[in-house]
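Given the coordinates of chain A, assemble chain B onto it according to the supplied hints.
Given next are the chains, with one letter for each unit.
Protein chains: 2
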Amino acid sequence: MSAGLTVLKLGGSVITTKERALAPRLPTIKRLAKEISKANISPLILVHGGGSFGHPLAKRYKIKEGYRCKASQLLGFAETHEAMVSLDKLIVDALINEKIPAVAVSPSSFVMTKSGRIHSFPEEPLTKLLSMGFVPVLFGDAVFDLDRGFTILSGDQLITHLALRFKAERIIVGVDVDGLCTSNPKMNKEAKLLTHITLKELPTVLQQISEAKTTDVTGGMPSKVREIVPAVENGISVFLVNAAKPNRLYKALRKEPVKGTYIVKG
Amino acid sequence: MSAGLTVLKLGGSVITTKERALAPRLPTIKRLAKEISKANISPLILVHGGGSFGHPLAKRYKIKEGYRCKASQLLGFAETHEAMVSLDKLIVDALINEKIPAVAVSPSSFVMTKSGRIHSFPEEPLTKLLSMGFVPVLFGDAVFDLDRGFTILSGDQLITHLALRFKAERIIVGVDVDGLCTSNPKMNKEAKLLTHITLKELPTVLQQISEAKTTDVTGGMPSKVREIVPAVENGISVFLVNAAKPNRLYKALRKEPVKGTYIVKG
Chain A
222 MSAGLTVLKL
232 GGSVITTKER
242 ALAPRLPTIK
252 RLAKEISKAN
262 ISPLILVHGG
272 GSFGHPLAKR
282 YKIKEGYRCK
292 ASQLLGFAET
302 HEAMVSLDKL
312 IVDALINEKI
322 PAVAVSPSSF
332 VMTKSGRIHS
342 FPEEPLTKLL
352 SMGFVPVLFG
362 DAVFDLDRGF
372 TILSGDQLIT
382 HLALRFKAER
392 IIVGVDVDGL
402 CTSNPKMNKE
412 AKLLTHITLK
422 ELPTVLQQIS
432 EAKTTDVTGG
442 MPSKVREIVP
452 AVENGISVFL
462 VNAAKPNRLY
472 KALRKEPVKG
482 TYIVKG
Chain B
222 MSAGLTVLKL
232 GGSVITTKER
242 ALAPRLPTIK
252 RLAKEISKAN
262 ISPLILVHGG
272 GSFGHPLAKR
282 YKIKEGYRCK
292 ASQLLGFAET
302 HEAMVSLDKL
312 IVDALINEKI
322 PAVAVSPSSF
332 VMTKSGRIHS
342 FPEEPLTKLL
352 SMGFVPVLFG
362 DAVFDLDRGF
372 TILSGDQLIT
382 HLALRFKAER
392 IIVGVDVDGL
402 CTSNPKMNKE
412 AKLLTHITLK
422 ELPTVLQQIS
432 EAKTTDVTGG
442 MPSKVREIVP
452 AVENGISVFL
462 VNAAKPNRLY
472 KALRKEPVKG
482 TYIVKG
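Chains A and B, in that order, are what the protein sequence lines are.
Using my numbering, the first residue of the first sequence is number 222, and each one after it goes up by one.
Using my numbering, the first residue of the second sequence is number 222, and each one after it goes up by one.
Treat the hints with care, since some could be wrong.
Same chains, same names: a pair is fine if it fits in one copy or spans any two.
[To be verified] Derived DSS-like pairs: lysine-lysine, alpha-carbon spacing no greater than 25 Å straight-line: (1) 251 x 466; (2) 310 x 280; (3) 280 x 320; (4) 239 x 349; (5) 310 x 251; (6) 280 x 291; (7) 320 x 283; (8) 413 x 310; (9) 349 x 291; (10) 255 x 410.
Note that these hints are calculated values from the structure, not bench results.
Extracted from the complex, chain A is given alone in its bound form:
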């Protein structure tokens, strides 16, 4: 299936279990690689979160807040990045195993941020990768920052930047809930799924959802969704789908009807 560019995010909660450090969900990763392969989408950029590989370390060493001249933080940054490389390796290996020409593209090797926001982003390798039919795989990463020394660049900031820069048709965000609900479905069983939200409705919806109490250093569902707003404003459709449930991501990639939340401009 060839069409406009799809930017696919796989949330850290989907591909790892956040209950303990460095714990991948290997069967899920394998299944998702199969679904992506079967969907046969091109061009495709994949971005994944850190889950229990990135967040506990980033939190322990206060990487997001920046460098405060403590030698232990340098080692902490090194450990955090290397943990993300380990997780990324599991994803890329699973994709290659399904015959997808996936190439790890390491954010800290080329992206610089300024006060936590993307500042420079040399695009040449990524442009080439996409034009040749590779699937670049990026990830939320510990990166270097002009003001802070270093910080955390979230996968959510990355997908929006990539979608805008490479003129994506759509963003698909694979999460571990069915989509955006009237309240946090992990805490409230009465929560109802919202299948279609416009930008105008979004602020009210986000206010209703209480922040998820997780170890996520990049801040729960509301902050994730807020990161994606600029893409929606530019006419890129965003679809949130439960990638923890079999076959949903496949259907979303194939544009088949499936439970989830569309966020559209209006």
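Quick look at chain B alone, frame taken from chain A:
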């Protein structure tokens, strides 16, 4: 020990055994990490070769020669890069284990070549890394090429570029022989070590050394040494040392007397 920048190359033959594919020399990697830690050199850039992780795959899929519109080559490129990431992970993990703040910097994520030569090389993250006291770890990699689609960027081309761009004081090349000899020491037991060579003497020496018959896609010792000539021409001293033998790399890093070959301008 703080001084001018040291660019250290660890040859693929030192950190892997080339007798079979994907075979790291783990005790050697651990020992070298200890020697580097004990030497306590700063600033330091580390670059390693591919050995049995990079070369057999690169050769099988003809990655160096470029993309010839075969889908199998895309997967081959993906596999080659990912194998290098695996090897790099072993090195970086060993360094972090010795409390060195080592950060993997992935060449294919930011370097573009043109007909096999470095064409663009955004330096901002590396500059920041070095200024903060991190040890960047790069490697010979499968990279994207403006003319060929993709190719192999050797660790030797990388060290020269890095040494020139970041004004290194010296390059240390860790190999699995004692240095440059009057002939190939792996094939001729009469070979004598040359401890000191000037640029003027170099062409004659390289002619005497027959090409090593290995699976190295970047081409034996003579081609490695030729890559480094521009650095020597710019006054950067180059020292070849046997990193397969304990304590030699440590002594070289500490500038203590040790067996090896200096290549100097004149």
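Verification of the supplied hints:
1. For a Cα distance limit of 25 Å, the shortest separation of residue 251 from residue 466 inside one copy, 13 Å, qualifies, whereas the shortest one across copies, 42 Å, does not.
2. Taking the shortest Cα distances, residue 310 and residue 280 sit within 25 Å of each other both inside one copy (22 Å) and across copies (22 Å).
3. For the homomeric pair residue 280 and residue 320, the shortest alpha-carbon distance between copies (19 Å) is at most 25 Å, but the shortest distance inside one copy (35 Å) is not.
4. Taking CA atoms no more than 25 Å apart as the test, residue 239 paired with residue 349 passes in neither setting, with 35 Å inside one copy and 31 Å between copies.
5. For a Cα distance limit of 25 Å, the shortest separation of residue 310 from residue 251 qualifies both inside one copy, at 12 Å, and across copies, at 21 Å.
6. In this homomeric assembly, residue 280 and residue 291 come within 25 Å of each other (Cα to Cα) only inside a single copy, at 15 Å, whereas the closest approach across copies is 44 Å.
7. Taking the shortest Cα distances, residue 320 and residue 283 sit within 25 Å of each other only across copies (18 Å), while inside one copy they are farther apart (38 Å).
8. For the homomeric pair residue 413 and residue 310, neither the shortest alpha-carbon distance inside one copy (36 Å) nor that between copies (44 Å) is at most 25 Å.
9. With identical chains, the CA atoms of residue 349 and residue 291 are at most 25 Å apart between copies only, with a shortest distance of 16 Å across copies and 39 Å within one.
10. Taking CA atoms no more than 25 Å apart as the test, residue 255 paired with residue 410 passes in neither setting, with 31 Å inside one copy and 54 Å between copies.
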